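Peer 1: All chains, please: the whole structure from these sequences, using the hints.
2 protein chains.
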Amino acid sequence: MADPAVKRDSVEADELSQRAEKKARVDDENGGGGGEGEEAESENVLCGFKTSNVLNDSAREKTMFIRGKLADQEAVVILEKTPIREDTLAELFSSSTLKLEMKNDIYSTYRLHAPPHLNEIKTTVVCPATEKHVTKYQRQESSLVEETGEDYQSITLPYIQKQTFSVQWVYNILEKKAEADRIVYEDPDPEVGFVLLPDFKWDQKQVDDLYLIAIVHQRDIKSLRDLTSEHLPLLQNIFQKGKEAILQRYNLPASKLRVYLHYQPSYYHLHVHFTKLGYEAPGCGVERAHLLADVIQNLQSNPCYYETRTLYFPLRANDGLLSKFKEAGRL
Amino acid sequence: MADPAVKRDSVEADELSQRAEKKARVDDENGGGGGEGEEAESENVLCGFKTSNVLNDSAREKTMFIRGKLADQEAVVILEKTPIREDTLAELFSSSTLKLEMKNDIYSTYRLHAPPHLNEIKTTVVCPATEKHVTKYQRQESSLVEETGEDYQSITLPYIQKQTFSVQWVYNILEKKAEADRIVYEDPDPEVGFVLLPDFKWDQKQVDDLYLIAIVHQRDIKSLRDLTSEHLPLLQNIFQKGKEAILQRYNLPASKLRVYLHYQPSYYHLHVHFTKLGYEAPGCGVERAHLLADVIQNLQSNPCYYETRTLYFPLRANDGLLSKFKEAGRL
Chain A
66 MADPAVKRDS VEADELSQRA EKKARVDDEN GGGGGEGEEA ESENVLCGFK
116 TSNVLNDSAR EKTMFIRGKL ADQEAVVILE KTPIREDTLA ELFSSSTLKL
166 EMKNDIYSTY RLHAPPHLNE IKTTVVCPAT EKHVTKYQRQ ESSLVEETGE
216 DYQSITLPYI QKQTFSVQWV YNILEKKAEA DRIVYEDPDP EVGFVLLPDF
266 KWDQKQVDDL YLIAIVHQRD IKSLRDLTSE HLPLLQNIFQ KGKEAILQRY
316 NLPASKLRVY LHYQPSYYHL HVHFTKLGYE APGCGVERAH LLADVIQNLQ
366 SNPCYYETRT LYFPLRANDG LLSKFKEAGR L
Chain V
66 MADPAVKRDS VEADELSQRA EKKARVDDEN GGGGGEGEEA ESENVLCGFK
116 TSNVLNDSAR EKTMFIRGKL ADQEAVVILE KTPIREDTLA ELFSSSTLKL
166 EMKNDIYSTY RLHAPPHLNE IKTTVVCPAT EKHVTKYQRQ ESSLVEETGE
216 DYQSITLPYI QKQTFSVQWV YNILEKKAEA DRIVYEDPDP EVGFVLLPDF
266 KWDQKQVDDL YLIAIVHQRD IKSLRDLTSE HLPLLQNIFQ KGKEAILQRY
316 NLPASKLRVY LHYQPSYYHL HVHFTKLGYE APGCGVERAH LLADVIQNLQ
366 SNPCYYETRT LYFPLRANDG LLSKFKEAGR L
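If you read the protein sequences in the order shown, they are chains A and V.
Under the numbering used here, the first residue of the first sequence is numbered 66, with each subsequent residue one higher.
Under the numbering used here, the first residue of the second sequence is numbered 66, with each subsequent residue one higher.
It is worth saying that the hints were derived from the structure and are not from the lab.
One or more of the hints may lead you astray.
Unchecked claim - In the DSSO-like style, the derived pairs of lysine-lysine whose C-alpha atoms are separated by at most 27 Å in a straight line are:
#	chain 1	residue 1	chain 2	residue 2
1	V	Lys164	A	Lys134
2	A	Lys242	V	Lys168
3	A	Lys308	A	Lys270
4	V	Lys197	A	Lys168
5	V	Lys164	A	Lys270
6	V	Lys187	V	Lys201
7	V	Lys266	V	Lys306
8	A	Lys306	V	Lys391
9	V	Lys187	A	Lys270
10	A	Lys115	V	Lys115
11	V	Lys134	A	Lys168
12	V	Lys134	A	Lys164
13	A	Lys308	V	Lys391
14	V	Lys201	A	Lys168
15	V	Lys187	V	Lys134
16	A	Lys134	A	Lys115
17	V	Lys168	A	Lys241
18	A	Lys197	V	Lys168
19	V	Lys168	A	Lys187
20	V	Lys168	A	Lys134
21	A	Lys389	V	Lys308
22	A	Lys270	V	Lys115
Said to hold, decoys possible - Some but not every residue of chain V turned toward chain A, in silico, with C-beta under 8 Å:
#	residue
23	Asn109
24	Leu111
25	Glu126
26	Lys146
27	Ile171
28	Arg176
29	Leu386
30	Lys389
31	Phe390
Everything numeric in this text was worked out from a predicted model, so none of it was measured.
Note that CB positions come from ideal geometry on N, CA and C, so glycine has one too.
Peer 2: So this is what it looks like as structure tokens:
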């Protein structure tokens with residue numbers, strides 16, 4: 066039942082892919098094989114890939130999730146074009162060819178053909194892929210769910226408890242058994258302490274899409290719903306020290322940060338998101354994100370705010386929790 | 066002073082750029098020359114391009130806006146990687162080379178080097194570019210501002226009142242002097258009534274990016290800050306009848322909608338945004354959007370919630386209100 070790899074990934078499709086990649090990378094660093102192949106030119110394993118169907122794609126983000134067969138095994142291939150890099154512009158301009166599309170007055174458009182090494186496609190292969198992988202990457206419509214305090218007690222909480230989502234990977238981080246080298250800041254206090262580290266979605270190459278996660282040391286806070294005024298010192302500590310650590314490490318002041326929690330979160334161990342203001346991070350929409358500053362303010366004015374409050378959040382069509390809300394006639 | 070067009074369009078840089086591109090494209094279709102050069106291999110006009118600075122870029126969307134010189138003329142070059150196309154997948158897989166990055170269990174990641182014609186970069190050149198182009202494409206950094214109830218009274222309100230932003234275009238809509246044919250629904254009641262119509266950002270061709278605005282008939286409510294419990298009937302009426310009208314006209318149920326207010330709004334006459342859940346509409350981020358359902362709930366529990374509450378919102382670097390906050394030592 067417990068499947069940390071899959072649970073860690075119970076988010077949007079594009080997030081999923083990045084985390085799957087990441088998980089593999091981390092496991093790899095932690096002793097998995099193949100790491101020395103860094104610059105190796107591989108035999109083209111995708112040469113024999115037979116596409117069955119496209120699970121998801123984004124014209125805006127230049128990504129595609131493809132299901133198919135690789136030597137008779139089910140496989141999922143994830144393609145994502147890489148961001149344009151300022152440090153390669155000179156070479157890009159001098160060594161590409163241009164095909165004119167149209168020219169009018171001061172405007173002209175071209176199709177630029179770049180040398181392949183300046184225009185890579187990040188490729189992730191999952192093989193053999195299970196039905197779970199396919200479902201995970203498949204595009205899913207979301208519905209907005211309205212959850213009263215009672216709904217939480219009668220529908221959501223029992224569902225969470227039954228799932229026994231493993232957060233062992235979180236404990237590994239907190240105990241320095243994994244990803245210790247990635248930690249940006251730690252306050253080791255068992256009550257108000259936390260570990261701050263880059264989210265898997267962030268490649269740390271530029272601060273434009275800065276994304277860090279603060280994971281609390283306390284192990285009994287599942288989500289926003291569990292927060293009461295007694296957690297104010299913890300929340301204020303994360304807010305304050307997280308902002309300071311980011312200023313120090315990345316030279317980014319607090320006024321450039323969006324600091325928030327997700328509800329529902331993708332895993333039920335309290336964590337806080339720090340992203341760059343202006344970067345449209347997945348999950349920063351008003352339907353899922355709650356500004357930490359607002360959370361603190363709400364708990365200051367009402368100690369039980371999140372126990373009694375009706376909360377709204379989107380659930381994907383294949384989310385088991387959505388079925389529970391439907392069964393209960395709440396949708 | 067009053068400039069309704071600017072107020073209405075005060076949006077993000079990338080939107081602007083897309084509009085500029087679009088304009089160029091349309092102008093071209095309307096009689097510009099050079100269209101026959103479709104497949105021509107051009108001499109590489111960008112070979113001599115000297116980059117001055119990057120005006121804007123998006124790691125997520127794989128775009129970059131670059132300012133520089135082309136044969137001593139100011140120029141702006143816009144690069145955007147093209148979406149991945151399903152119809153070229155077979156050729157892409159068979160004719161690319163792969164560099165292994167890591168392999169662990171069922172996961173492996175590669176850098177894929179594709180033949181250039183399968184992995185083009187859309188390139189737009191504006192030359193000579195004016196200062197106006199540069200400003201248009203330039204990323205405006207935003208800063209998060211913290212506004213207490215007192216800050217609103219002493220900084221924001223005087224600023225709004227001094228600007229005398231014209232909302233004549235709003236009155237024209239309410240009085241059917243303009244855009245009457247675009248109205249999707251109206252409740253004419255002077256107290257709780259409103260007009261619902263498509264936002265300009267929505268081309269109404271598909272519901273995937275549905276975007277409507279409800280504009281209230283009452284003329285004395287500037288923004289969220291003015292709302293008290295006495296406005297609950299108005300808010301509940303908009304919420305209810307807006308959702309019903311959208312279901313009827315677009316067959317989209319309430320569970321597929323994100324209904325919210327902006328703070329700060331782009332014009333100071335109360336209006337509510339209805340967008341499709343799952344469509345990442347500009348301005349739907351937690352730092353600017355407030356779910357109408359939350360607003361109603363907050364006013365139910367505290368009639369003066371928005372009068373006294375500290376509110377957070379982003380302001381662009383060139384926003385006059387930001388200067389006021391800086392002058393007041395609040396940033």
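Peer 1: Please go over all the hints and tell whether each is borne out by the structure.
Peer 2: Hint by hint, here is what the structure shows:
1. Simply put, Lys164 (chain V) and Lys134 (chain A) have alpha-carbon atoms about 20 Å apart, close enough for the 27 Å limit, and the pair holds.
2. For the proposed pair Lys242 (chain A) and Lys168 (chain V), the alpha carbon gap of about 21 Å is at most 27 Å, so the pair holds.
3. Distance restraint check for Lys308 (chain A) and Lys270 (chain A): the Cα-Cα separation of roughly 19 Å lies within the 27 Å cut-off, and the hinted pair is therefore satisfied.
4. Distance check on the hinted pair: Lys197 (chain V) and Lys168 (chain A) sit about 20 Å apart at the alpha-carbon level, within 27 Å; holds.
5. Among the hinted pairs, Lys164 (chain V) with Lys270 (chain A) is consistent with the structure: their alpha-carbon atoms are about 20 Å apart, no more than 27 Å.
6. For the proposed pair Lys187 (chain V) and Lys201 (chain V), the alpha carbon gap of about 19 Å is at most 27 Å, so the pair holds.
7. Straight-line distance between C-alpha atoms of Lys266 (chain V) and Lys306 (chain V) comes to about 22 Å, which keeps the hinted pair within the 27 Å bound.
8. Among the hinted pairs, Lys306 (chain A) with Lys391 (chain V) is consistent with the structure: their alpha-carbon atoms are about 24 Å apart, no more than 27 Å.
9. For the proposed pair Lys187 (chain V) and Lys270 (chain A), the alpha carbon gap of about 24 Å is at most 27 Å, so the pair holds.
10. Between the alpha carbons of Lys115 (chain A) and Lys115 (chain V) the distance comes to roughly 44 Å, so the proposed pair goes past 27 Å and is violated.
11. With a C-alpha separation of about 18 Å, the suggested pairing of Lys134 (chain V) with Lys168 (chain A) holds against the 27 Å cut-off.
12. For a cut-off of 27 Å, the pair hint linking Lys134 (chain V) to Lys164 (chain A) stands: about 20 Å separates their Cα positions.
13. Proposed proximity of Lys308 (chain A) and Lys391 (chain V) is supported: the alpha carbons are some 20 Å apart, at most 27 Å.
14. Only pairs whose Cα atoms come within 27 Å are accepted, and Lys201 (chain V) paired with Lys168 (chain A) is accepted, the gap being roughly 21 Å.
15. Distance check on the hinted pair: Lys187 (chain V) and Lys134 (chain V) sit about 19 Å apart at the alpha-carbon level, within 27 Å; holds.
16. About 5 Å separates the Cα atoms of Lys134 (chain A) and Lys115 (chain A), which keeps this hinted pair within 27 Å; it holds.
17. Taking the CA atoms of Lys168 (chain V) and Lys241 (chain A), the gap is near 23 Å; set against the 27 Å cutoff, the hint holds.
18. This hinted pair checks out: Lys197 (chain A) and Lys168 (chain V) have alpha carbons roughly 20 Å apart, not beyond 27 Å.
19. Between Lys168 (chain V) and Lys187 (chain A) the alpha-carbon distance is near 14 Å, which keeps this suggested pair within the 27 Å criterion.
20. A distance of roughly 18 Å separates the Cα atoms of Lys168 (chain V) and Lys134 (chain A); the hinted pair therefore holds under the 27 Å criterion.
21. The straight-line distance between the Cα atoms of Lys389 (chain A) and Lys308 (chain V) is roughly 24 Å, inside the 27 Å bound, and the hint therefore holds.
22. In summary, the hint linking Lys270 (chain A) to Lys115 (chain V) is supported, as the alpha carbons are separated by about 24 Å, within the 27 Å threshold.
23. For Asn109 (chain V), the shortest C-beta to C-beta distance to chain A is roughly 5 Å, which falls under 8 Å, so the interface hint holds.
24. The beta carbon of Leu111 (chain V) comes within 4 Å of a beta carbon in chain A, closer than 8 Å, and the hint placing it at the interface holds.
25. For the restraint placing Glu126 (chain V) at the interface with chain A, the shortest Cβ-Cβ distance is roughly 6 Å, inside the 8 Å limit, so the hint holds.
26. The beta carbon of Lys146 (chain V) is positioned within 8 Å of a beta carbon in chain A (closest approach about 4 Å), and the interface hint is therefore held.
27. Restraint check, Ile171 (chain V) versus chain A: the minimum CB separation of about 6 Å is within 8 Å; hint holds.
28. The closest approach between the C-beta of Arg176 (chain V) and any C-beta of chain A is roughly 5 Å, which is under the 8 Å cut-off, so the hint is satisfied.
29. Checking Leu386 (chain V) against chain A by beta carbon gives a least distance of about 14 Å; that is not within 8 Å, so the hint is violated.
30. Using the Cβ-Cβ criterion of 8 Å, the hint placing Lys389 (chain V) at the interface with chain A is not satisfied: the shortest such distance is roughly 15 Å.
31. Annotation: Phe390 (chain V) was flagged as interfacial toward chain A, and the flag is violated, the nearest CB pair being 10 Å apart, outside 8 Å.
In summary, the structure is inconsistent with hints 10, 29, 30, 31 from the numbered list given earlier, while agreeing with the others.
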